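Below are the chains, spelled out letter by letter.
2 protein chains.
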Amino acid sequence: MSKNLTKRSEDYSKWYNELVVKADLAENSGVRGCMVIKPYGYAIWEKMQAELDSMFKETGHSNAYFPLFVPKSMFEAEEKNAEGFAKECAIVTHYRLKNDESKPGKLMVDPNAKLEEELIVRPTSEAIIWSTYKNWVQSYRDLPLLINQWANVVRWEMRTRLFLRTAEFLWQEGHTAHATKTEAIEESEKMMNVYADFVQNFMAIPVIKGLKTETERFAGAEETYCIEALMQDGKALQAGTSHFLGQNFAKAFDVKFANQEGKQEHVWGTSWGVSTRLMGALVMTHSDDNGLVLPPNLAPIQVVIVPIYKTEEEFDAISHVVDDLMKQFKKLRVTVKYDNRTTQKPGFKFAEWELKGVPVRIAVGPKDLENGTFEVARRDTLTKNVVEKEGIVAYCIDLLETIQKDLFDRALEYRNTHITEVNSFDEFQEVLENKAGFISAHWDGTAETEEKIKELTKATIRCIPLNQQKEEGKCVFSGAKSTGRVLFAKAY
Amino acid sequence: MSKNLTKRSEDYSKWYNELVVKADLAENSGVRGCMVIKPYGYAIWEKMQAELDSMFKETGHSNAYFPLFVPKSMFEAEEKNAEGFAKECAIVTHYRLKNDESKPGKLMVDPNAKLEEELIVRPTSEAIIWSTYKNWVQSYRDLPLLINQWANVVRWEMRTRLFLRTAEFLWQEGHTAHATKTEAIEESEKMMNVYADFVQNFMAIPVIKGLKTETERFAGAEETYCIEALMQDGKALQAGTSHFLGQNFAKAFDVKFANQEGKQEHVWGTSWGVSTRLMGALVMTHSDDNGLVLPPNLAPIQVVIVPIYKTEEEFDAISHVVDDLMKQFKKLRVTVKYDNRTTQKPGFKFAEWELKGVPVRIAVGPKDLENGTFEVARRDTLTKNVVEKEGIVAYCIDLLETIQKDLFDRALEYRNTHITEVNSFDEFQEVLENKAGFISAHWDGTAETEEKIKELTKATIRCIPLNQQKEEGKCVFSGAKSTGRVLFAKAY
Numbered sequence: 057m058s059k060n061l062t063k064r065s066e067d068y069s070k071w072y073n074e075l076v077v078k079a080d081l082a083e084n085s086g087v088r089g090c091m092v093i094k095p096y097g098y099a100i101w102e103k104m105q106a107e108l109d110s111m112f113k114e115t116g117h118s119n120a121y122f123p124l125f126v127p128k129s130m131f132e133a134e135e136k137n138a139e140g141f142a143k144e145c146a147i148v149t150h151y152r153l154k155n156d157e158s159k160p161g162k163l164m165v166d167p168n169a170k171l172e173e174e175l176i177v178r179p180t181s182e183a184i185i186w187s188t189y190k191n192w193v194q195s196y197r198d199l200p201l202l203i204n205q206w207a208n209v210v211r212w213e214m215r216t217r218l219f220l221r222t223a224e225f226l227w228q229e230g231h232t233a234h235a236t237k238t239e240a241i242e243e244s245e246k247m248m249n250v251y252a253d254f255v256q257n258f259m260a261i262p263v264i265k266g267l268k269t270e271t272e273r274f275a276g277a278e279e280t281y282c283i284e285a286l287m288q289d290g291k292a293l294q295a296g297t298s299h300f301l302g303q304n305f306a307k308a309f310d311v312k313f314a315n316q317e318g319k320q321e322h323v324w325g326t327s328w329g330v331s332t333r334l335m336g337a338l339v340m341t342h343s344d345d346n347g348l349v350l351p352p353n354l355a356p357i358q359v360v361i362v363p364i365y366k367t368e369e370e371f372d373a374i375s376h377v378v379d380d381l382m383k384q385f386k387k388l389r390v391t392v393k394y395d396n397r398t399t400q401k402p403g404f405k406f407a408e409w410e411l412k413g414v415p416v417r418i419a420v421g422p423k424d425l426e427n428g429t430f431e432v433a434r435r436d437t438l439t440k441n442v443v444e445k446e447g448i449v450a451y452c453i454d455l456l457e458t459i460q461k462d463l464f465d466r467a468l469e470y471r472n473t474h475i476t477e478v479n480s481f482d483e484f485q486e487v488l489e490n491k492a493g494f495i496s497a498h499w500d501g502t503a504e505t506e507e508k509i510k511e512l513t514k515a516t517i518r519c520i521p522l523n524q525q526k527e528e529g530k531c532v533f534s535g536a537k538s539t540g541r542v543l544f545a546k547a548y
Numbered sequence: 057m058s059k060n061l062t063k064r065s066e067d068y069s070k071w072y073n074e075l076v077v078k079a080d081l082a083e084n085s086g087v088r089g090c091m092v093i094k095p096y097g098y099a100i101w102e103k104m105q106a107e108l109d110s111m112f113k114e115t116g117h118s119n120a121y122f123p124l125f126v127p128k129s130m131f132e133a134e135e136k137n138a139e140g141f142a143k144e145c146a147i148v149t150h151y152r153l154k155n156d157e158s159k160p161g162k163l164m165v166d167p168n169a170k171l172e173e174e175l176i177v178r179p180t181s182e183a184i185i186w187s188t189y190k191n192w193v194q195s196y197r198d199l200p201l202l203i204n205q206w207a208n209v210v211r212w213e214m215r216t217r218l219f220l221r222t223a224e225f226l227w228q229e230g231h232t233a234h235a236t237k238t239e240a241i242e243e244s245e246k247m248m249n250v251y252a253d254f255v256q257n258f259m260a261i262p263v264i265k266g267l268k269t270e271t272e273r274f275a276g277a278e279e280t281y282c283i284e285a286l287m288q289d290g291k292a293l294q295a296g297t298s299h300f301l302g303q304n305f306a307k308a309f310d311v312k313f314a315n316q317e318g319k320q321e322h323v324w325g326t327s328w329g330v331s332t333r334l335m336g337a338l339v340m341t342h343s344d345d346n347g348l349v350l351p352p353n354l355a356p357i358q359v360v361i362v363p364i365y366k367t368e369e370e371f372d373a374i375s376h377v378v379d380d381l382m383k384q385f386k387k388l389r390v391t392v393k394y395d396n397r398t399t400q401k402p403g404f405k406f407a408e409w410e411l412k413g414v415p416v417r418i419a420v421g422p423k424d425l426e427n428g429t430f431e432v433a434r435r436d437t438l439t440k441n442v443v444e445k446e447g448i449v450a451y452c453i454d455l456l457e458t459i460q461k462d463l464f465d466r467a468l469e470y471r472n473t474h475i476t477e478v479n480s481f482d483e484f485q486e487v488l489e490n491k492a493g494f495i496s497a498h499w500d501g502t503a504e505t506e507e508k509i510k511e512l513t514k515a516t517i518r519c520i521p522l523n524q525q526k527e528e529g530k531c532v533f534s535g536a537k538s539t540g541r542v543l544f545a546k547a548y
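Line order of the protein sequences matches chains A and B. Everything in the first sequence is counted per my numbering, starting at 57 for the first residue and increasing by one. Everything in the second sequence is counted per my numbering, starting at 57 for the first residue and increasing by one.
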């Protein structure tokens, strides 16, 4: 198969858009800003879901489901949150269509079916969930409430890109309620750590843990923890956020509990989420000009076997050997596919599985049968090895682990060489222009400076790293005092 | 704990509503007609999902995700389908809120943010999916397309009931495309059989497989296969449907393929779905005046262990023994919970786990420790047995299997004794009034008669059973000729 994939060096953005479509991950739909997640892409998302879901359950959370719609009066109860999302809401105003008398076969909105109160399609579910928690919490014995929801949400984005920014997206949103401030902060931090573990160990993407500035904070939160990743073009991507909500939603929705002394107090909240945006991070961190590169942990197919033959006898002999090999792989829970299509040549198959990022490819020809060997190719390095039949399965399992680790190490190496300390605004602009990546710089702590830097350079403060060192310095922009560096970058 | 549950014999409908809420399955939300599925209820739904999902995958289907919204012009493309759902659609007309200048802190729909084309919140996804399939199918090699989606859908119901009829509900919808009519019909039948297997073997609910009459058919289908269950109050419940769509959607969305001879043809389609409605069927088939009765296959907790003690020493000694028991259960993948709350008495705990339908309860007191025994209680029969410590785990595993089987057998016995053959309309009305259940009767095959019987009795034709016997007869209502009996019932 011909890939015709734009090279990253030519046009990174075009490369990404093409790759997502050509590798069968997702495509634009006939609905403005909404994507179709195709089976191959969805299979990767399912693997992410399964792993995250088990991590949430291990940390004591249960799943539940809350309504898609939020009545306007409920939506506006927490003012900052409402203000933050008001400009990007899909709004349901009617509940019936009727025949359009002037156009046979066409329908129109029935003006007699106007809702008394408009419904907002959830852009996030704090409002609907906290309005429910009011009835679930009476006493300290009802706390903590540790709940997660897998759901679709809608944010009316004007400029959309597959996975990275879509009007509708899939995500999980955790919403917890606690008796004390300390516990709620601990929960926010714990879930940030769960996300970091998942993204690093499972997706092989290194992240920096940090806090958002007030400007970048979730609307309605007291503090937003985040994990920030770096893409191959030097732009940052926020991979997950965990919010300490203080008592903001508890107060807006009057969620109180009787503490051990019988005194009424407002509860403390958190919320945290990751979304199908992670699919975009996955593609942009590891893939190359030949197509997707998938970490073995997330690959819907981990090993593909391609037969190389001229005659039907050769094909049968190869298939016989492969049959046995498949059984061994399946026993050890390796996801394996035998590409025995007779309609395509090996070269086409190689290119297709490269495009789709299958981590390990095994090729078998008549010579291999004679020699008792297989040709094993790594997708990430595009290197090949001839491997003895005995031990081939163990070899591949080791190789899958090596690939998973190497992908992370390579991404980490790139990330680490793309954090640049700068001490002047000239330097700041120079690095941003020529090298990109994270820029570690002193900032005076004001939203004003943050805003001006953004206007001038499009770079934003990605986070105040949790491992920030105390260091006396001067803000690169204003020259005012600073006690530590923050990370700037252009971001997705 | 006090249950205060209305008795089924007093008011079946009230019993159901109370039980769903008291057993923590679901509750009404602050959004008209939409429910909150609570963690305990959602855990049951997750078990249903996991099993169905693996059954779909075993039969060759893949998951994908399609947009929540359907533009009006796309929605109306298949006229019958559009007509069928037009009267119960939530419609998005605007995409932004703004501050309401006249009411500080309040928001209003921004009149300048009106959509050019209204978006329908999907009541079902044929339209959006077939508009996508157009680009996915070119040749016979692209067929069959076997895709499933787990999603939320919205149908604006005026009278709603938890799980049974809600404005928003969760479901899966399969949408397949085939090269031939025969293949598509086979697929519809196969998925009806998958549903029947699942509902019978997993949910322990017996079903009758059949075809819907034209009146009851899915809007846009050529044929609707269904599985019909019978609730304890003698009303029927449609538990799943599988539709043969003919070429209706292929024609409406111009989905064609080149066949092996290179000739262009429209593809043949199916769609099939089950929803959170199954949760209602589960409750109404097995539960009793003490609360839920859950089949072991679906119970989030299969075995609960309650300690009975007076002193702390006794509690410690019991907990020590239970610890070991828990490990044995977990090893064998039995979901077990040790209710070691010190704030509640055993009687309270017994009532709570009865209400929540835990299939097996083990109680352990100091006497049991002495004797080396446990008291094992069945939730379904409310009977108890004293069991030797040795072999307790194997005993419980056997018991869980027995309960699963007994629940099905009991429901089957009830169902079979509630299918009544009638040969006159007087008899029809008499049975419907006094015994309810399915009424097996001759029908003349006309929509007119069907409609009149519905008007007079509220009973509808639930299905033309697939195993219908050829039998000459006269329609119970019109007296016209009939060649076989169909099943009538009042239904949820």
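FYI, nobody ran anything at the bench for these hints, they're computed from the structure. Check each hint, because a few of them may be wrong.
Remember, identical chains collapse to one label, so a pair may be satisfied in a single copy or spanning two.
Below, a list of computed lysine to any residue pairs in the SDA-like style, where the Cα atoms sit at most 25 Å apart [claimed, not checked]:
| hint | residue 1 | residue 2 |
| --- | --- | --- |
| 1 | 386 | 476 |
| 2 | 393 | 200 |
| 3 | 170 | 88 |
| 4 | 170 | 157 |
| 5 | 70 | 109 |
| 6 | 401 | 373 |
| 7 | 291 | 142 |
| 8 | 526 | 434 |
| 9 | 103 | 356 |
| 10 | 113 | 235 |
| 11 | 113 | 228 |
| 12 | 387 | 115 |
| 13 | 170 | 216 |
| 14 | 265 | 215 |
| 15 | 546 | 376 |
| 16 | 159 | 476 |
| 17 | 237 | 422 |
| 18 | 113 | 257 |
Note that the structure is a prediction, hence the values are computed from the model and not measured.
Each hint, compared with the structure:
Taking identical chains as interchangeable, the C-alpha atoms of residue 386 and residue 476 are never at most 25 Å apart, the minima being 46 Å within one chain and 51 Å between chains. Taking the closest pair of Cα atoms, residue 393 and residue 200 come within 25 Å of each other only across two copies (19 Å); inside a single copy the shortest separation is 45 Å, beyond that limit. Proximity of residue 170 to residue 88 under the C-alpha cut-off of 25 Å is found in both arrangements, the shortest distances being 24 Å within a copy and 14 Å between copies. Both within a single protomer and between protomers do residue 170 and residue 157 lie at most 25 Å apart by alpha-carbon distance, with minima of 19 Å and 22 Å respectively.
Taking the shortest Cα distances, residue 70 and residue 109 never come within 25 Å of each other, neither inside one copy (33 Å) nor across copies (35 Å). For the homomeric pair residue 401 and residue 373, the shortest alpha-carbon distance inside one copy (18 Å) is at most 25 Å, but the shortest distance between copies (69 Å) is not. Proximity of residue 291 to residue 142 under the C-alpha cut-off of 25 Å is found in neither arrangement, the shortest distances being 28 Å within a copy and 46 Å between copies. Proximity of residue 526 and residue 434 under a CA criterion of 25 Å is satisfied in neither setting, with 44 Å inside one chain copy and 63 Å between copies.
Proximity of residue 103 and residue 356 under a CA criterion of 25 Å is satisfied in both settings, with 8 Å inside one chain copy and 22 Å between copies. Taking the shortest alpha-carbon separations for residue 113 and residue 235, only the intra-copy value of 21 Å comes in at or below 25 Å, while the best inter-copy value is 43 Å. In this homomeric assembly, residue 113 and residue 228 come within 25 Å of each other (Cα to Cα) both inside a single copy, at 13 Å, and across copies, at 23 Å. Taking the shortest Cα distances, residue 387 and residue 115 sit within 25 Å of each other only across copies (21 Å), while inside one copy they are farther apart (30 Å).
In this assembly of identical chains, residue 170 and residue 216 lie within 25 Å of each other by CA distance solely across copies; the values are 19 Å between and 30 Å within a copy. Proximity of residue 265 and residue 215 under a CA criterion of 25 Å is satisfied in neither setting, with 28 Å inside one chain copy and 49 Å between copies. Proximity of residue 546 to residue 376 under the C-alpha cut-off of 25 Å is found in neither arrangement, the shortest distances being 54 Å within a copy and 57 Å between copies. Taking the shortest alpha-carbon separations for residue 159 and residue 476, neither the intra-copy value of 63 Å nor the inter-copy value of 49 Å comes in at or below 25 Å.
Taking the shortest alpha-carbon separations for residue 237 and residue 422, neither the intra-copy value of 68 Å nor the inter-copy value of 42 Å comes in at or below 25 Å. When the C-alpha separation of residue 113 and residue 257 is checked against a cutoff of 25 Å, the pair qualifies only within one copy, where the shortest distance is 18 Å, while the shortest distance between copies is 27 Å.
Consistency with the previously given hints fails for numbers 1, 5, 7, 8, 14, 15, 16 and 17, ordered from lowest to highest.
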